[in-house]
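Position 108 of the sequence shown, counting from 1, maps to 108 under my numbering, and the rest follow consecutively.
A portion of the hints provided could be inaccurate.
[Stated by the list, open to error] Simulated restraints, written as ranges between beta carbons of each label pair: (1) GLU50 <-> ASN162: 38 to 46 angstroms; (2) GLU68 <-> ARG125: 30 to 38 angstroms; (3) ARG159 <-> THR40: 35 to 43 angstroms; (4) SER49 <-> VAL121: 15 to 23 angstroms; (5) ASN58 <-> ALA90: 16 to 24 angstroms; (6) VAL24 <-> GLN126: 28 to 36 angstroms; (7) HIS109 <-> GLN39: 23 to 31 angstroms.
[To be verified] Using 25 angstroms as the maximum straight-line C-alpha spacing, the simulated SDA-like pairs for lysine to any residue come out as follows: (8) LYS65 <-> GLU83; (9) LYS19 <-> PHE35; (10) LYS65 <-> GLU37; (11) LYS65 <-> GLN39; (12) LYS19 <-> SER120; (13) LYS66 <-> THR93.
Think of the hints as simulated: they come from the structure by calculation, not from any bench. Beta carbons are placed, not taken as given, at the ideal position from N, Cα and C, and that holds for glycine.
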Amino acid sequence: MGIVYLIGFMGSGKSTVGKKLGNVLQLPHVDMDSFIEEQTLRSISTIFSEMGENTFRNYESDVLKKIEHGVVSTGGGIVERRENIEWMKAKGTVIYLRTTFSEITNRLHNDSLRPLWKKSVSERRQLFEHRCDLYESFADYVVDTDNKGTKEIAEEIDRLLNNYI
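Between the sequences and the hints, there should be enough to build the whole structure, so can you do that?
Structure representation (structure tokens):
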């Protein structure tokens with residue numbers, strides 16, 4: 001099957017769905033943000049504050065190329081670099097977990113760990129709209145996540161992938 005890449009905005013459920021989907025598909029799951037934190041011995045917030053977003057994006061691109069198999073929960077900004085998009089399209093299936101801005105806001109209302117969510121509401125919305133356009137244009141499949149449980153989303157993706165094969 002190759003690699004299944006989950007893309008979507010922060011708070012869309014990529015990590016949670018990725019774990020469940022890995023179980024359903026009987027494939028290993030890799031959470032890119034966790035992998036970067038393990039490799040650098042720094043939190044994502046610390047990398048952003050001490051080294052900058054560009055350094056984080058470099059780590060992200062490097063990690064992406066090291067993963068050879070499984071379900072991959074990407075970071076929300078993975079689509080900001082064309083090389084990442086091209087890599088994912090060449091190596092696997094890209095699934096966009098589409099979530100509305102209001103649902104993201106509900107899920108992240110108490111989240112203080114995401115550097116880009118600390119911005120003003122208008123800046124968050126602008127980033128959301130920009131990235132959603134990218135997610136939509138590069139995904140092989142789009143799965144809506146609002147009002148759905150993790151298991152339901154993973155099973156929907158499994159059905160999509162089985163119809164694809």
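These are the hints, each one checked on the structure:
The hint said 38 to 46 angstroms for the Cβ distance between GLU50 and ASN162, and at roughly 44 angstroms that hint holds. At roughly 36 angstroms, the beta carbons of GLU68 and ARG125 sit within the given window of 30 to 38 angstroms. Checking the proposed 35 to 43 angstroms range against ARG159 and THR40 shows it holds: the Cβ atoms sit about 37 angstroms from each other. A hinted range of 15 to 23 angstroms for the beta carbons of SER49 and VAL121 is consistent with their spacing of about 21 angstroms.
Our hint of 16 to 24 angstroms for ASN58 and ALA90 holds, since their Cβ atoms are close to 20 angstroms apart. Remark: the range hint 28 to 36 angstroms for VAL24 to GLN126 is upheld by a beta-carbon distance near 35 angstroms. Taking 23 to 31 angstroms as the suggested C-beta distance range, the pair HIS109 and GLN39 conforms, at roughly 30 angstroms. Among the hinted pairs, LYS65 with GLU83 is consistent with the structure: their alpha-carbon atoms are about 10 angstroms apart, no more than 25 angstroms.
Taken as a hint, the LYS19 and PHE35 pair is honoured in the structure, with Cα atoms around 14 angstroms apart against an allowance of 25 angstroms. Distance check on the hinted pair: LYS65 and GLU37 sit about 16 angstroms apart at the alpha-carbon level, within 25 angstroms; holds. Taking the CA atoms of LYS65 and GLN39, the gap is near 14 angstroms; set against the 25 angstroms cutoff, the hint holds. Annotation: proposed proximity of LYS19 to SER120 is violated, straight-line Cα distance about 31 angstroms (limit 25 angstroms).
A C-alpha spacing of about 16 angstroms is found between LYS66 and THR93, which places the hinted pair at or below 25 angstroms, so the restraint holds.
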